[in-house]
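Enquirer: Protein chains in written order, with our numbering: chain W, 1 to 235; chain Z, 236 to 317.
Take the hints with a grain of salt, since some may be wrong.
Stated by the list, open to error - Derived contacts from chain W toward chain Z, CB cut-off under 7 Å, selection only:
1) Arg59
2) Gly102
3) Arg105
4) Ala107
5) Gln109
6) Val112
As the list claims (entries may be wrong) - What follows is a set of in silico ranges between Cβ atoms, one per label pair, in the way DEER data are often shown:
7) Z:Asp267 x W:Arg113: 29 to 39 Å
8) Z:Val316 x W:Val171: 42 to 52 Å
9) W:Ala228 x Z:Gln296: 36 to 46 Å
If you're looking for bench data, these hints aren't it; they were derived computationally from the structure.
Since we're looking at a predicted model, the values are computed, not measured.
Backbone N, C-alpha and C define an ideal beta-carbon position, used for all residues, glycine too.
The lines below spell out each chain.
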Amino acid sequence: MTVRIGVITFPGSLDDRDAQRAIRIAGAEPVALWHGAHDLEGVDALVLPGGFSYGDYLRSGAIAALSPIMTEVKDAAGRGMPVLGICNGFQMLVEAHLLPGGLIRNANQQFVRRDQRLRVENASTAWTTDFAEGQEIVIPLKNGEGGYIADAGTLARIEGEGLVAFRYVGVNPNGSLDDIAGLTNERGNVVGLMPHPEHATEPGFGPDTAAAMRSGVDGLGFFTSAIAAVARVAA
Amino acid sequence: MPTIVVDVMPKAELLDPQGKAVAGALSRLGVDTFTGVRIGKRFELAVDGPVDDAMLAQVRQVADDILSNAVIEDVIGIEVVE
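Make the full structure from the sequences, and use the hints.
Expert: If you want it as structure tokens, here you go:
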């Protein structure tokens, strides 16, 4: 069985093609989906890609979160389908209330682009089982509005229930509370993060490693984890 | 034609990076009158007819659900301007 993973293109999405490519490299079939359709075309998992949907107008991800297809995305997420939101996709997931909290302008007001070290805090989500708990990975980060915030009660709940999926290590690039880089929902099928796993899936195009320049493929584990999660459900 | 003005501000307890940057610029220019700057949003909703309670209720709904995100912002005012 070939796992089919949909990538939704919104007006202003940038990394939809990269996400499709990453899915193909990981061994699944990417399916291009359109924000204006009420149709997930029978996919097994979903990626909401990075970019600047609607020019970040109103709030990052806010208008995209009201797109027609988001009705189906919310239904699918509720049924347990693996959903990954990357960067702008993460912003859409919080705006759609599929993940708690919010994302605001980086604390230093600067757009930040760097190869970012993260610690995998929760290796039992649909998108992280191919990592070890506590494993450190390096994938690209590029955002202007990646400061994660939540009120004290929400933050305590997130931390208490182990919903922090990824934490920034070394540098907190955007002022995120508790160094939070990514979150999961309680069920573990919906995951969102600001850094970009899809940009670290192919040797020659990833972050530099000690072994060789641009050889980092730490992002691959996100997609192979989801493929395994779908296969487990199907079995 | 009346306009309904909705004002949205970042929550008081949150860092407002934009306001902080403007406050820093003012202080660099030697303007030291203001102890703080915060930046919010003003929405002007144009309507055709007279504004009634039902319409205001709808504005309140839209302001809470779409124009603002309660996690990071507060709707601090809804006002009808003729």
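Enquirer: Give a verdict on every hint.
Expert: A quick look at each hint next to the structure:
no., hint, result
1, Arg59, "6 Å, holds"
2, Gly102, "4 Å, holds"
3, Arg105, "4 Å, holds"
4, Ala107, "6 Å, holds"
5, Gln109, "5 Å, holds"
6, Val112, "13 Å, violated"
7, Z:Asp267 x W:Arg113: 29 to 39 Å, "35 Å, holds"
8, Z:Val316 x W:Val171: 42 to 52 Å, "46 Å, holds"
9, W:Ala228 x Z:Gln296: 36 to 46 Å, "43 Å, holds"
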